[in-house]
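**Q** With the hints as extra help, turn the sequences into a complete structure.
Chain order of the listed sequences is A and B.
Quick note: the first sequence uses my numbering, first residue 262, plus one each step.
Quick note: the second sequence uses my numbering, first residue 182, plus one each step.
Since the hints were made in silico from the structure, they are not lab data.
Take every hint as true, because none was put in to throw you off.
With a cut-off of at most 20 Å between alpha-carbon atoms, the simulated SDA-like pairs for lysine to any residue come out as follows:
1. A:Lys276 <-> B:Phe238
2. A:Lys276 <-> B:Pro326
3. A:Lys276 <-> B:Ser231
4. B:Lys355 <-> A:Ile474
If you want the ones that stay clear, here's a sample from chain A, every Cβ over 10 Å from chain B, calculated:
5. Tyr303
6. His309
7. Arg348
8. Trp390
9. Ser422
10. Ala431
11. Leu441
12. Gln449
13. Arg456
14. Arg521
Since the structure is predicted, the reported quantities are computational estimates derived from the model, not experimental observations.
Backbone N, C-alpha and C define an ideal beta-carbon position, used for all residues, glycine too.
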Amino acid sequence: MIGLAQGLRRQFQAKRVLGVALSLLLAWGVAWVLWRAGYSLYAEGLGHHLSFLVSGLGMTMLILVLSEAGGLIVAVALVTLRMSRNRVLGAAATGYCYFFRGTPLLAQLYLVYYGAAELRTELDAVGLWGIFRDALPCVLFAFILNTAAYKAEVLLGAIRSVPAGQVEAARALGLKPLALYWKVVLPQAVIVALRPLANETAKMVKASALASIVTVLDLLGVTKVIYADTFDFDIYYVAAVVYLVFIEGLRATVGIIESRLIRHLQVPALAGR
Amino acid sequence: MHELLPLLSLGPLGWGDELLVGAWHTALLALATAPFGIVLGLVLALAKDSGEVTLRFLGHALTTIGRGLPELVTLFIVYYGGQAVIRRIGEALGLETAVELSPFLAGIIALGVVFAAYASEVFLGALKALARGPVEAARALGLGPWHSFRFIVAPELFRLSLPGLSNLWLGLLKQTALVSVIAYDELLRASYFASASTHRPLFFYGAACLFYLGLTALSAGVLERMRTALGRGIGAV
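**A** Dropping the structure here:
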């Protein structure tokens, strides 16, 4: 009995010692990164780089907002196609989702960015070359096509999660299709879809950094330019901190929205998340 | 099409062999990253499930960092920042020869850390869903922490985590494309060279996409077999 108690105490102490030591190590690492990040901004002339960095953050947000909005519109179209009675259109939309979810976003981006140059004469003929000549529209195009496939999958799953009885009851009450969707299906589907959609948005924030690979001056692109200018690697820590704060802020906001959306539900499993 | 297909032939005239080697390197990187990510993810999950508050804090903090950074930024920090750290350690030890972090190793570390952060959430969910009875029974039988984990917890844990881990694996296959940016010769980089020297980007990036779809389909088949194998004797379908 005494042996057991001693063993337990020793184990407990070992865990505590390990936890405290590792936590201190982590705290030191985070403090070091924050200090380096702050110092690099200060040392290299705060004013010049700060405005450049803010412009990069602005570009990241622009990419995010446009690709989210465009992606949602395309996703709704895809869901409509996949739920339609037309088999051919439904299969085409399913195939679209399979392709864009099964291949890397970077490959899709290259396909659009470098592929547009190959199709220059064709694009010129329809007057679109002026758009696809620049990197930013290519990035937006690729991001919208990509995120739409994921969003469509989420929306479809959410709509299918609404019990069939709800739809039947609404029909029996004589609701027209639009009212049925707006008043019965969507309010319930949104609750299911919100968390995965937010995860997809967080994924897009991170994916937006890919734009820097094809010369767009987003947050990471700007960081690369500053690095090439100063050879001070610490600027990457600045970018890392900004991305982290951005994404955690997003997560917290979605958490608040979700708890408001489900405040009428007395479902501990959902409310506890 | 008749003029494009020879571009995919094997040998010095076609790019087929380069693409195949690239696809092999892609698979290799993913296969090397997954075990690292799974072990680290399990450690993080056990830390988050621990009764010790400092370990829980540590697990959550590391998960937040792993999930909150863009993979590309993590990769740059590991590759370039890691390079600097290694150089500094080398200088401190007085080593003459420069030890370098290869893109392959940097890819494993960066993608593995991200994988671990997500995998730890999967494992944590599985740990919470785990029945307490068998664990208590194991303790009553006098099994130590390691044996009860190895024989009682782990088999059930992996069965419950497999769907989540499968999704992470499919994501990992696609994320390996990022490592082409730090000059690891995988599929996308092979396609980049092929399309740059033939001026056929649509064809070669299209081919790369088909290769990725093939890898995805292949792994989906393997994962499905693993699922049935792990579900044997459970009555799960």
